[in-house]
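Enquirer: Residues per chain, in single letters:
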Amino acid sequence: MKVLRDLFRDFRFTVSFIVLVIILILAVLSNFSPYEPTLWHVVPVDLKPSAKYWLGTDSNGQDIFWQATFAVRNSLIISLIAALVSRVIAILVGMVAGYVGGATDRVLMFISDGLLVIPIFLIFVLLAMLVRQYMNLVLLGLMLSLLSWPWDARLIRSMILSLREREFTKTAILSGTGTVKLVLNEYMPFAMPLIFSTLINNMAFAIGLEITLAFLGLVNLTIPTLGTMLNWAITYQAILLGRWWWVLTPVVLSLFLFIALYWLSVSISEYLDPRTRIQRVGA
Amino acid sequence: MTFLKRYLIPRLIQYVLVIWLGITVVFFIPRLIPNDPVMRMVNEMRARGSTLEPGAMDGIIRDLTEMYGLQGSWLDQYWAFWGRLFRGDFGVSFFQFPTRVNRLIGTAMPWTLGLLVTTTAISWIVGNIIGGLAGYYSRKTWSRTLDAIAMVIRPLPYYIFAFALILLLGWVVHWFPITGGASLGALPTFTWVYIKDVLWHAFLPALSLSVLGGAVTFQTMKLIVQNVNAESYVQYAKLGGVTEGRIVSKYVIRNAMLPQITGLALSLGQIFSGALITEIVYGYPGVGMLLYNSIIRADYNLIMGITIFAIVGITTAILIVDLTYPLFDPRVRYY
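Chains as they are written, first to last, in numbering that gives the first Met the number 0: chain X, 0 to 282; chain P, 0 to 334.
With the rest of the complex left out, here is chain X:
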C-alpha cells in the first residue's frame, strides 16, 4: 500500500490512473449496450448529441456513445493481446540472449536490431494486405506482437547481462539450481518492473498502429475500434459536413488514452528508478 501511496503522490500517475479507470468502465459498459455493434440503422442517422443519444448518432445509424464503448473495448483487447504476446517473445529472446551469450546472443541481437531499423510499418502493410480477408481482433493483435518485441528484448538482455555477473548467480549455480529455475525464480523479479512498464508502452504502440492500419482500410471495418470509428467518420466526410461529434469522439478518446498510458509508464518507471525520482523531486 505504501507503494501506491508513493505513486499517487505523482500527479501524472493520479491523472492517468483516473483516466484509465474511466476508459475501463466505458469498455465494461459495452456489455450493457442496447444495440448490436455490427448492425446499421438501428437509430436515426446524423443526430446531434442529446439526452437520448448522449454523443449523437452517425451516418451508419449507430449510437456513437455505445459504439465508442465497443471501440474502446476492442482496441484494448487488441493492444493487450499484442503487448502480452510480444512480452513473451521479448522475455524469451532477451533472457536467452543475455544468459546464453556467445553466438546465440549475436544472432538474436542481430535479428532484433534488424527489425528495429527496417520500417516495420511497411512490413505490416504488406502482411495486412495479404491476410485482410481473415482479419479479426486476435489475428491483428498477434500480427502487431510479431514485430514489436525487439527493443524490449534488448532492454531485458542488458539487464540479464548485469545480473549474470552478480554474486547470487554463482551461489545459485554452485548450489545446484537449474538454469530454468534460476532465470524464473531469481531473475524474473528483477525484470518484472521493466517488463510491466514496457507492456504499457507496447499497448500504446499497438493501439496507435491499429488506428493507422484502420485509417488505411487494412483491418476489418465492421468491428468497431478507435481506428475504424475514425475511418468511417472520414469516409463520410464528417469534418466537411460539420458532424464534429462523430470525429471528436474517437479522436478525444484516443488522445486521452495515449497520454494516460504514457504518463502511467513514465511515472511507474520513474518510481522504480530512484535516480530519476531524485531528479524530479529535486534533491
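Source of the hints: derived by calculation from the structure; they are not laboratory data. All C-beta atoms, glycine included, are put in the ideal place defined by N, C-alpha and C. Each statement offered as a hint is correct.
Computed far set for chain P versus chain X, every beta-carbon distance over 12 Å:
no.: 1; residue: 61
no.: 2; residue: 86
no.: 3; residue: 109
no.: 4; residue: 145
no.: 5; residue: 235
no.: 6; residue: 245
no.: 7; residue: 326
Covered by chain X, according to a simulated footprint, are these stretches of chain P (three or more residues, beta-carbon under 8 Å):
no.: 8; stretch: 10-23
no.: 9; stretch: 285-296
no.: 10; stretch: 307-320
Assemble the complex: chain X is given as a structure, and chain P must be docked to it using the hints.
Expert: The following block gives chain P in isolation, referenced to the frame of chain X:
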C-alpha cells in the same frame, strides 16, 4: 587502420546483413500466407472494378507470378528475386498500368525526401539545443513548462497529431491549406511564386513532423543532460571558473549529444513511417500518398517496391549517420 578494422568494416558488414534480413522478410511474407496471392490480388482488383484490357491482365498475372517468383523451388525463387532487385527491376504498377514502379517512386521521392530531411534536421537540432538548455537549467520555470508540454505531445501518434493540427489550423482558423503539395494546376517551375506555394503547402505536414520529432529529442536530451550535469567533470569545470556558456556548449551538450546521434540512427525507421502517415493525412504527393493509393487499388508490386526502397534507403541513412559518429566522438576515431 584499427579504426577501419574495428569500426568501419563491422559496420559495413552489418549494413549489408540488415538489408539482406529486411528483404528476406519481404520475400517470405507472401509465401507464408496459405493462399495463392496472385489470384487473390487479381480477384481483388476485379472486385474493385479496375478495367483493364485482357492483355494487360495477362501481363499482370505473369508479372505477379514472376514478382512473387512462384515458379520453381523456394531457393530458385529466392535467387530470381535477388536477380531482379540487383537489376533495379521492381516490375510495373497495376493502377497506372504500363508505368514502372521505379518511375512512380522516383516522382514521389523528392517530395518525401524534402519533407523528411528538413523536418528531421530541424527537429533534431532544435530539440537537442532546447533540450540541452532545459536540462542544464532544469529548475527554471520555462524548462518545467517545456517539459510539461513535451509530456503531452510525446505519446501522440503521428496520425492523431496531424489530424488534430488539421482540425485546428486548417479547418477552424483556415490559416493553411489542408491538402495537396501545391495549388491545383500550378506548374513546377523555378519561380518564387511556385516555390512559395510549395512551402506554403508543406508547412502543416512539416510542422506536425518537427513538433513530434522535436518533443522526443527534447525529452531524451533533457534527461541525458541532467545525468551529465551530475558528473564530476562538470562540477570541476564550475569550480574552476569556466564560464557557464562554455560549460553548457563544450562540456555538457557535446557529451550528451553522443547517445542522441545513436538515437537518431535507431529512430529513423520510425520517423520515416511517421512521415508516410503524415503525408497521407495531408494529401501530400510523396511516397506516403503513393502507398495509400497502392493500398486502395491493391497494387502489390508498388507496395513491395516502396518497402524495398524504404529498407535500403533507411539502412543507408542510418549508415551515414553512424559514419559521422567518429567526427563527434574522438574515442571511436583513435581506437
